[in-house]
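Peer 1: For reference, the chains in residue letters:
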Amino acid sequence: MTNKVTKAGSISRRRLLTTASAGAALAVSPFRINLLQAEEAPIKIGFPVPLTGPYGAEAQDQVRAGQLAVAQFNDAGGLNGRKAELVVRDDKLNPGEAATRTLELVEKEKVNFVVGSLSAAVQLAINNVTKERGVIFNSISQSDAINEAADFSKYTFHEALNPHMTSGAVGRYAFTKFGKKVAFLTADYAYGHEMVRGFLEVGKEFNIENLGDIRHPLGTTDFSTLLPRLQSLKPDILCISNFGRDQQIALKQATDFGIKKSIQIIAPLLSHASRVAAGPQAFEGVVGGCSFYWGIDDKFASTKAFNDAFRKMYDGKLPTDYGALGYGGVRTVLEAVKGAGSVETDKVVTALEALKYDYYKGPQYYRKCDHQSVQSVLVIKSKSKDMKNESDVFEVLSTEEPNEKNLRTCEALGHKS
Amino acid sequence: MAGLSFDLIALQLFAGLALGAIYVLFAIGLSLIFGMLTVVNFAHGAFYMVGAYVGLYLISIGGNFWICLVAVPLLIGLFGLGVERVLIRPLYGRGIDYPLLLTFGLSYVMVECVRIFFGKTGYPFDTPEILQGAVNIGVGYFPLYRLFVIAATAVVLLALWLFLEKTSFGLIIRAGARDPQIVRVLGVDVSRVWLIVFGIGTAIAGLAGLLAAPLQGVIPEMGGTILAEAFVVTVVGGMGSIGGAILAGLLVGVVVGMTSLFAPEMAKVSIFALMAIVLIVRPQGFFGRAGLMS
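In order, the protein sequence lines correspond to chains G and X.
Read in order, the letters of the first sequence are residues 1 to 417 in UniProt numbering.
Read in order, the letters of the second sequence are residues 1 to 294 in UniProt numbering.
These aren't lab readings, by the way, just hints derived from the structure by calculation.
Keep in mind that a hint or two might mislead.
[To be verified] Listing some non-contacts, in silico: residues in chain X with all C-beta distances to chain G over 12 Å: (1) V70; (2) G93; (3) I96; (4) G105; (5) L131; (6) F142; (7) P143; (8) L164; (9) D179; (10) L274; (11) P283.
[As the list claims (entries may be wrong)] Below, computed lysine-lysine pairings styled on DSSO-like, alpha-carbon distance capped at 27 Å: (12) G/K110 / G/K347; (13) G/K177 / G/K317; (14) G/K92 / X/K120; (15) G/K312 / X/K166; (16) G/K154 / G/K260; (17) X/K166 / G/K317; (18) X/K120 / G/K388; (19) G/K381 / G/K260; (20) G/K234 / G/K181; (21) G/K177 / G/K44; (22) G/K383 / X/K120; (23) G/K312 / G/K347; (24) G/K181 / G/K154; (25) G/K204 / G/K131; (26) G/K317 / G/K383.
Treat the numbers as computed from the prediction; the structure is a model and nothing was measured.
C-beta atoms are modelled at their ideal positions from N, C-alpha and C, and glycine is treated no differently.
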């Protein structure tokens, strides 16, 4: 009996080995690739975002909402049955890393499109790669440069707001309400510089006085040596142009220094995830801009539908601003694929250009000359009382409707008309 | 920009000293462990981070900040004892690089564990109510909580000094650092001494993390930045010298403070520029002993 078992065991082991090696041979053979192609490879969307680092919280929301857009596309039958897939990569908030990952996505993963990024410098690095290789890139992070002729290509789309739009909306609101003497605390990189430039530009209309701009390196963890100087300038408004963890810490420490007692703090962009991570104390009373807030669902059916779908997929969680961008960025590309009936780059570009869409925040469209998404900008204030749920963190003070007048003109961006 | 007033410069100087106090508190444990055990503890930042998370957890289950001030260093110190006993002790006598690599790896494991249990996103950590707000220190307003951190640092330093200078156990620690062989010959269990020193070092790291939490919130990566800065402090002060760590920590704070006044974007770089200058002029740091690293 024992003998039999052993014998049987050895046979099956031999058979196992044969099967395994045959399988291995099959796996590397061109035959398998043919098999896969026969059942049609999925439509792949490369999604490089900074999952680790100071913008990690926002990046995770981008992924969640991007997955939702893909799931909805697939549930609706895909492109004649062909499904889509999100290929997420961590760009670590580093332009070099992002360029490498994007190259890998394009060359190795053979993605059809790239959507993603969360930093001005990083998205420009991605854009360089996709531009060169003729791959559509829909950026979901703020940048002014990406709209300019030098960085633009017909493959470049920009679903996010740009600093000019954001600071314009916040400036128009704040400079009439809080005063004309303005001091700046700015993250020393493209995003911060572009925001300040935007504030100073819109400030001309209101005759604001620029008391000074203090710049700090990205990733600063202690602002205590910068704040006394800002306080001594005695501004009406302190404008904090940084983002993510830098913003959380700056606002927390500004609160500790008692700056809010005499000075109104504004920020071009307040991120939902940052507000949650830093808590109500740090953000209390701060006024800023954003591209999306779930609370506008009483105004737009699309917002309500997006909120509900997101809630359903993520156990009752509500989407955030950067999440919404991830959703919008992926969904527009997939809708264009449906519209074009193909994943061919040129056809999808044409379909995107023709898109008039309302997927999560009211009407939007891509301006022809620079592919900037023309859309509304919300001016919001951070809440610290009477919060209905954990996502109830902002109050919408005003909405700037979609209007090309609030964008820089095509000529100013260097595009030939 | 508006002109520089005396008050502003004085306030800036003070802000720099207050920042320096945080550096001192962090670097002191690092220096203590290196000075006594010649272990370059790359996990120091991770102990600091875990201290903040333990504080967060204790508060979430109903504790308050004052309980944390006692409980956190105790728990992190105990954790440190375990780490020394199980992981670091087998590596003594194998040179400086084995424990260095071990603690480097350990820090990754700790950060990853915290990410798994608490998530990757940060948490807010409110300043204790009675320490909120700013007070006038004569030249301007300064956050009360930062004054508290300076006081806490002073208390830790005083306690450490008393322990090392005035107790017989402290005497053994100091002797063990000089010549472990003779101490062993005298019948003292040196490994027990090192165990306790490591525990004290990590306890202080945990306390530093807890004290830093209300300043900047809590994230798994919070130990990374400060570790780089703390190594600058220990190198400038002289590896292993506690007095050096205190002096260098305050100096680094003041340099950051003053640079911020004139060229804020250079504040972070100024720390490393200072280190470069000190290393050129005095390679062993202020109070460093030559040859400790070899």
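Peer 1: All hints are to be evaluated individually against the structure, with a verdict given for each.
Peer 2: Hints, verified against the model:
| no. | hint | result |
| --- | --- | --- |
| 1 | V70 | 24 Å, holds |
| 2 | G93 | 37 Å, holds |
| 3 | I96 | 29 Å, holds |
| 4 | G105 | 18 Å, holds |
| 5 | L131 | 9 Å, violated |
| 6 | F142 | 8 Å, violated |
| 7 | P143 | 4 Å, violated |
| 8 | L164 | 29 Å, holds |
| 9 | D179 | 40 Å, holds |
| 10 | L274 | 14 Å, holds |
| 11 | P283 | 28 Å, holds |
| 12 | G/K110 / G/K347 | 18 Å, holds |
| 13 | G/K177 / G/K317 | 34 Å, violated |
| 14 | G/K92 / X/K120 | 14 Å, holds |
| 15 | G/K312 / X/K166 | 64 Å, violated |
| 16 | G/K154 / G/K260 | 45 Å, violated |
| 17 | X/K166 / G/K317 | 57 Å, violated |
| 18 | X/K120 / G/K388 | 25 Å, holds |
| 19 | G/K381 / G/K260 | 14 Å, holds |
| 20 | G/K234 / G/K181 | 8 Å, holds |
| 21 | G/K177 / G/K44 | 47 Å, violated |
| 22 | G/K383 / X/K120 | 24 Å, holds |
| 23 | G/K312 / G/K347 | 33 Å, violated |
| 24 | G/K181 / G/K154 | 41 Å, violated |
| 25 | G/K204 / G/K131 | 35 Å, violated |
| 26 | G/K317 / G/K383 | 19 Å, holds |
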